[in-house]
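Q: Each chain is listed here by its residues.
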Amino acid sequence: MRPSVYLAYLSMAVTILIGNCVQANTLSGEALYDAACGACHSLGTSTDHRIGPPLGTLLNRQAGAIQGYRYSEALSNSGWTWTLPTLLAWLSDPDAAMPNNAMNYVNHLTATETQLLGEWLLQQP
Amino acid sequence: MTLTLSRRRLLEGAITGLLGGMSSGCSQPGSGRSVVVVGAGLSGLNAALILERWGYEVRVIEAKARVGGRLWTLDHMPGSPEGGGNIMGANYGRVFHMAHELNVPLRTPPRTLPADYFIGDQRIARNSWATSSANPLPEAWRTIPPDRLLGKLNITNPLLGTRAWHDPVLMAGDQSAATGLRALDFPDAAIELIGCNNSYGNNLSETSLMTLYRIMGEFARLSGPALSVKEATEGNMRLPEAMAMNLTQPVRKGEPVIAIHQSASLVTVTVESGRTLEADAVVLALPLPALRQIEVTLPSSQQALLENIDYHKVVQLHCIVEEPFWESSGWSGSWWTDGLLGRVFTRPILGTTRHNMTVWINGDDCDALNSLDDATCIETLTQALWKLMPSARDVTSVGQLVRWSTDPYAGGAWALWRPGQAATAHEAIRTPAGRLFFAGEHTAEAYRGMEAAMESGERAALEVMRLLA
Ligand SMILES: Cc1cc2nc3c(=O)[nH]c(=O)nc-3n(C[C@H](O)[C@H](O)[C@H](O)COP(=O)(O)OP(=O)(O)OC[C@H]3O[C@@H](n4cnc5c(N)ncnc54)[C@H](O)[C@@H]3O)c2cc1C
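Listed in order, the protein sequences are those of chains Z and X.
Its first residue numbered 0, the first sequence is counted upward by one per residue in numbering that gives the first Met the number 0.
Its first residue numbered 0, the second sequence is counted upward by one per residue in numbering that gives the first Met the number 0.
The hints are simulated quantities; they were obtained by calculation from the structure and are not laboratory data.
Don't take every hint at face value.
[Stated by the list, open to error] To give an idea of the chain X side of the interface with chain Z (calculated C-beta under 8 Å), a few residues:
| # | residue |
| --- | --- |
| 1 | Pro28 |
| 2 | Arg52 |
| 3 | Gly92 |
| 4 | Arg162 |
| 5 | Val168 |
| 6 | Glu444 |
| 7 | Gly448 |
[To be verified] Below, computed lysine to any residue pairings styled on SDA-like, alpha-carbon distance capped at 20 Å:
| # | chain 1 | residue 1 | chain 2 | residue 2 |
| --- | --- | --- | --- | --- |
| 8 | X | Lys252 | X | Ser272 |
| 9 | X | Lys229 | Z | Asp47 |
| 10 | X | Lys229 | X | Glu100 |
| 11 | X | Lys229 | Z | His48 |
On a predicted model such as this, the values are computed, not experimentally measured, just so you know.
Here a beta-carbon is modelled for each residue, glycine too, at the ideal position from N, C-alpha and C.
All chains, full assembly: derive it from the sequences and hints.
A: This is how it looks when you write it as C-alpha cells:
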C-alpha cells in the first residue's frame with residue numbers, strides 16, 4: 000500500500016472509531032474523574048497515599064465512613080449519606096454544603112459534567 | 000495516525016496505574032488532536048500528562064535548558080539547596096500523588112535552625128526578644144517574635160472557605176496591609192517589622208489585607224494522612240524531571256516561544272529559532288511577566304490585566320558553611336533581620352557537619368540589589384553577612400546568587416494580588432481565549448505555590464479536552 004493511501008485508510012478507521020462513541024463532544028465520567036478527582040482520591044475502600052478518602056462503593060455510604068482516614072470534624076459529624084443529590088451539592092460548592100470541611104477543591108466542571116461524573120462515580124466499586 | 004495509535008498503546012503500558020483505570024478507545028477523546036504546552040514547570044507538565052493520558056498529541060516547549068521552572072534545585076552545591084520552591088505543604092494532594100506514582104522519594108525536611116534577631120544593628124538572642132531594649136514593640140506585643148506578628152490576624156479572620164479570598168463582598172472591603180493593619184490596631188512598630196520580610200507583597204501599600212488573611216487562614220486547613228510538610232529527598236526538581244520523562248514526546252528545551260497566532264481552526268506557535276508548530280490548542284503555562292514577552296493577541300480586558308499583576312521580588316544568596324561557627328558565640332544559626340540581609344536560613348546537610356545558609360531578601364528591598372551586576376551583588380551581600388557574623392567569613396563560601404525578578408522566563412517568584420484586585424482578576428486572567436488556555440500557579444483558585452501549579456494544570460487540561468473532545 001502506498002503510504003498516503005495507507006494513512007487515509009487508517010484515519011478513516013480512526014474516524015469510524017470516534018464516530019461510534021456516544022456523545023463524542025462530552026467528556027466521559029471517567030475522564031472527568033481522572034482529570035478532576037483522581038490525584039486526591041482512589042476508588043475502592045482502602046486508604047492509600049492520597050490525601051482524600053477512597054471513593055469506591057460511594058452510593059448510600061455514610062459521609063466520613065472510611066476506617067483509618069482522618070476526616071475533618073465537619074465531614075465526620077455531618078450525618079450526610081452519599082447519593083446523587085448530596086454528591087452534586089457537595090461538589091458544586093463544598094464550603095457552602097459543609098462549612099469547615101477539609102477538601103480544598105474548587106469545581107470547574109459544568110453542571111452537566113458534574114452530573115455525569117457523579118453518576119459514573121456512584122457506580123464504581 | 001499510525002504514530003498516534005501506537006504511541007497511545009505505548010502510553011497505556013507506560014502509565015498504567017498513573018491514576019489507574021484507562022479504558023476503551025471510546026473514552027479517548029483526544030485521538031488525532033494536538034496540543035502545544037508552553038512552559039515545562041509543574042503546571043504545564045501536569046496538563047501535558049493528563050492530555051496525553053487521554054489520547055492527545057502533546058508537545059511541551061520550554062525556553063530554558065532545564066525543566067522545572069520555578070522549582071530549581073541547585074545540584075552543583077553540597078546539600079542541593081532549593082533556589083525556587085522549597086516546601087511542599089502538608090495538604091499538597093496532587094504533588095504527593097505525582098511523586099508517589101513516579102517514585103520520586105519525599106522526606107520531612109531537615110529542620111532549619113532557629114533564628115535570632117538583628118534589629119537596628121543590634122543582635123538579639125531569640126530567648127531575649129521579649130526583654131531586649133532593641134525590641135521596638137509596645138508592652139502588650141513584646142513577647143511576639145517578628146515572624147509571628149501576622150498570626151494575630153487569625154483573631155479576626157473573615158475568610159472561612161476555599162473561595163473566600165476572592166469573594167466580591169469580602170473583597171469590597173479589601174485594603175492595603177499598610178492601612179488595614181493599622182485599622183486593626185496593629186502598632187506602628189509591628190507593622191514596620193511585618194513589612195521587613197513580607198512574602199506576600201513587594202511593600203505593605205501594595206499588599207492586600209485579604210491575601211494576608213488567606214495565608215494565615217490556610218495553615219488551619221489540613222486533613223488526611225499527610226500531616227507534615229515535605230520536600231523531595233534528592234531535590235524538588237526531580238519531580239518535574241520525572242514528569243517530563245513520562246511524556247511520550249520529550250520536552251523541547253532551550254526553545255523560547257516568541258509568538259502565538261490563532262485562527263478559527265488552528266494555533267501557530269513560533270519559537271525563537273523561527274520554527275513554527277501548529278496545534279489545535281495551546282496551553283500557556285508560564286508566569287505573566289514571561290507571557291508579556293510573547294507576541295500574542297488576547298482580549299483587551301485580559302491584556303490590560305496582564306500588564307497590571309505584580310510579581311513578588313526575591314533575591315537569594317546560597318552559601319555553604321563548613322563549620323557551625325555560631326555555636327561558640329551562642330547564636331542559633333539563622334537570622335531574622337530588619338536590614339539588607341532580610342532573613343538568613345541555615346540548615347544542616349544531613350550526614351555531614353556542613354550547613355546550607357541561604358540569605359533571602361523579599362520585595363522592594365531587592366530593587367537596589369537587582370540593579371547591581373552579579374559580582375557586585377554578591378559582594379554587597381557577603382560584606383553584610385561578615386558584618387553580622389564576623390566568624391562566618393573563614394568558613395563560608397558562596398555557591399549561587401538567585402534573582403527571580405531578573406529571570407526573563409520567570410519575572411518574579413509568584414503572582415501578587417494588589418488590594419481588591421483578586422475579586423475579578425483571578426478569574427479573568429485564566430479565562431480561555433479561543434484556542435488559548437491558561438495554566439500556572441497564578442491561575443489556581445484553591446491552593447498557592449506548587450500545588451497551585453498542579454491544580455491549574457488539571458483545570459487547563461479539562462478545558463482543552465472540553466474544546467477538543
Ligand atoms: C524563591 C521561591 C520560593 C518558593 N517557595 C515555595 C514553597 O516553599 N512552596 C511552594 O509550594 N511553592 C513555592 N514557590 C512557588 C512554586 O515554585 C511555583 O508556584 C511553581 O513551581 C510554579 O509552577 P508553574 O508551572 O506555575 O510555573 P514555572 O515553574 O515558572 O513554569 C513556567 C515555565 O515556563 C517557561 N517559560 C517561560 N517563558 C517561556 C517562553 N517564552 N517559551 C517557553 N517556555 C517559557 C519557564 O522557563 C518555566 O519553565 C516558590 C517559588 C520561588 C521562586
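Q: Determine for every hint whether it applies to the structure shown.
A: Each hint, compared with the structure:
no.: 1; hint: Pro28; result: holds (6 Å)
no.: 2; hint: Arg52; result: holds (7 Å)
no.: 3; hint: Gly92; result: holds (4 Å)
no.: 4; hint: Arg162; result: holds (6 Å)
no.: 5; hint: Val168; result: violated (14 Å)
no.: 6; hint: Glu444; result: holds (4 Å)
no.: 7; hint: Gly448; result: violated (13 Å)
no.: 8; hint: X:Lys252 x X:Ser272; result: holds (12 Å)
no.: 9; hint: X:Lys229 x Z:Asp47; result: holds (17 Å)
no.: 10; hint: X:Lys229 x X:Glu100; result: holds (16 Å)
no.: 11; hint: X:Lys229 x Z:His48; result: holds (13 Å)
In this structure, the hints that do not hold are numbers 5, 7, in rising order.
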